[in-house]
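**Student:** Mind docking these for me? Both chains are given alone in their own frames, and the hints should help you get the complex.
Now for the letters of each chain:
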Amino acid sequence: MKLELLDQTTIVFSSRSANEGFARAAAACFAARLDPTLDELADVKTAVSEAVTNAIVHAYPDRLGKVSMRLRLYAGGVMEVQIKDTGVGIPDVEKAREPLYTTGNEERSGMGFTIMESFMDSLKVRSAVGRGTTVTMRKRFSRRTGAAG
Amino acid sequence: MPVTVTEQGNSLTAALSGEIDHHGARTVMNELGELIAARLPRHLVLDLSGVTFMDSSGIAVLLRALREMDRLGGSLRVTAIPTQARRVLDAAGVGRLITLD
Numbered sequence: 185m186k187l188e189l190l191d192q193t194t195i196v197f198s199s200r201s202a203n204e205g206f207a208r209a210a211a212a213c214f215a216a217r218l219d220p221t222l223d224e225l226a227d228v229k230t231a232v233s234e235a236v237t238n239a240i241v242h243a244y245p246d247r248l249g250k251v252s253m254r255l256r257l258y259a260g261g262v263m264e265v266q267i268k269d270t271g272v273g274i275p276d277v278e279k280a281r282e283p284l285y286t287t288g289n290e291e292r293s294g295m296g297f298t299i300m301e302s303f304m305d306s307l308k309v310r311s312a313v314g315r316g317t318t319v320t321m322r323k324r325f326s327r328r329t330g331a332a333g
Numbered sequence: 002m003p004v005t006v007t008e009q010g011n012s013l014t015a016a017l018s019g020e021i022d023h024h025g026a027r028t029v030m031n032e033l034g035e036l037i038a039a040r041l042p043r044h045l046v047l048d049l050s051g052v053t054f055m056d057s058s059g060i061a062v063l064l065r066a067l068r069e070m071d072r073l074g075g076s077l078r079v080t081a082i083p084t085q086a087r088r089v090l091d092a093a094g095v096g097r098l099i100t101l102d
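So the protein sequences, as listed, match chains P and W.
Every letter in the first sequence is one number past the one before it in our numbering, and letter 99, counting from 1, is 283.
Every letter in the second sequence is one number past the one before it in our numbering, and letter 69, counting from 1, is 70.
Bound conformation, chain W alone (with noise of 0.2 Å):
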């Protein structure tokens, strides 16, 4: 699950892509983590528009990078994000926690 990284002042973008289902949310959890801890960014941008299907493995994913970006006392942006992946977002309420584009 590659996730693909773009830097702009204090701002680091994360373009995330491909399924995130149980199978291949560890992965990406991993790589944002290391991510989140090698860069310290201020703010953090997940671009989800090359997301092609997502489930509720996905809004685990979305609340441990939001966890990491409280404890640095930054802030979670999520952005693109494809219909499917809008609709699981909403289904479970995710927007009174997390900023959604």
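Just chain P, same shape as in the assembly (with noise of 0.2 Å):
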């Protein structure tokens, strides 16, 4: 089903830890437009969290790099996230995706990509080796009574 384009945005910052919150408060104020419930904000800044985190801390091991996150809103109360980096990618995605899968040190648990799962309607990961890592997931939000478009 093609869903109709509300509105979108996209946000370009480095890949410093400090901007994690902000990532996470950027498309919470994003998402508020379409009228979410607390608790739907809440997964989508957990959901972006993490996947501003994995570009963060995996994709630019030694070297700051740039992180974007483009947000787009649908028609019908869907939220669309996609998280990119250029950075050094994902040898096997599928097996990144494991739960406690991680290449990281005892500062990660390795559930980051099953938090973004549970946290979302859907998640897609694609990656290429070198090239970078581009992480899309969508929400769509109960609908509540004066919820714009």
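These are computed hints drawn from the structure, not numbers from a lab.
Just so it is clear, the structure is predicted and the values come from calculations on it, not from any experiment.
A few of these clues could be false.
Calculated from the model, a selection of chain W residues having no Cβ within reach of chain P, i.e. all distances over 10 Å [to be verified]:
(1) 5
(2) 7
(3) 10
(4) 24
(5) 32
(6) 43
(7) 44
(8) 60
(9) 61
(10) 72
(11) 76
(12) 96
(13) 101
Here are a few chain W residues that sit away from chain P, every Cβ distance over 12 Å (derived from the structure) [to be verified]:
(14) 8
(15) 9
(16) 65
Restraint-style ranges between C-beta atoms, simulated for each label pair [said to hold, decoys possible]:
(17) 198/P with 18/W: 21 to 31 Å
(18) 186/P with 72/W: 53 to 63 Å
(19) 72/W with 313/P: 31 to 41 Å
(20) 27/W with 213/P: 22 to 32 Å
Glycine included, C-beta positions come from ideal geometry on N, C-alpha and C.
**Tutor:** Now the structure itself:
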């Protein structure tokens, strides 16, 4: 089914960990226009946090790079979040998505993709070694009375 | 990221607060590590009531505390878990490893 795009924005920031909170807040602000519940907003923030952290920790292990976050709002209360980096890429996406799998140190739990999957309705991961990774997630918000578009 | 500590008998309660993401996790992890090493508690209770946001980085913090308490032969309990943090812990199945109140 083709969704009608209502609005979109793209934010580009450097892969500094301080930008994790910024990305969460920006995504939540944009999502608020679809009048989601507080729990749904928290879900989006959590998924964004995981995807952006992956880009910051794994995509650019020894340098700062650019992380781009594209946010789209569709008719029917659907939000799409796309987090893109041009870092090292993931050699085996299927393996990376397995629970508890991590190439990070003990500060990582290996649960990032599992959480993105359970907090959003869909999750797509495309990656090419040496070229980068793109994570695309969608969530349909429950329709509340008076919710716009 | 402040960790507030109260001690009662052989039980130590550490109240975490603020946003526990990858950016903030290392500080909390280090503070907890130092706390455990200094006080050698028999029972450690982590009070999450002041945590306004937590992602999988928080899971790593809890698992590290669990490992350190295991090493001491002590116990770990996580209490006053806000809804958002609870959903993260549930999605990851952390309740199978750590006692969540």
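**Student:** Work down the list of hints and note, for each, if the structure agrees.
**Tutor:** Hint check:
1. 5: Given that every Cβ of chain P is farther than 10 Å from that of residue 5/W, nearest at about 21 Å, it holds.
2. 7: 26 Å, holds
3. 10: Given that every Cβ of chain P is farther than 10 Å from that of residue 10/W, nearest at about 30 Å, it holds.
4. 24: 4 Å, violated
5. 32: 14 Å, holds
6. 43: 24 Å, holds
7. 44: Its Cβ never comes within 10 Å of chain P, the nearest being 23 Å, so this holds.
8. 60: 4 Å, violated
9. 61: 4 Å, violated
10. 72: 14 Å, holds
11. 76: Nearest chain P Cβ is 21 Å from residue 76/W, so the label holds.
12. 96: 13 Å, holds
13. 101: Residue 101/W clear of chain P: closest Cβ-Cβ about 15 Å, beyond 10 Å.
14. 8: 27 Å, holds
15. 9: 30 Å, holds
16. 65: For residue 65/W, whose nearest Cβ neighbour in chain P is about 6 Å away, the distance does not exceed 12 Å, so it is violated.
17. 198/P with 18/W: 21 to 31 Å: 27 Å, holds
18. 186/P with 72/W: 53 to 63 Å: 56 Å, holds
19. 72/W with 313/P: 31 to 41 Å: Once the Cβ atoms are compared, 38 Å apart, the range 31 to 41 Å for residue 313/P and residue 72/W holds.
20. 27/W with 213/P: 22 to 32 Å: 27 Å, holds
Consistency note: the structure conflicts with the earlier hints numbered 4, 8, 9, 16.
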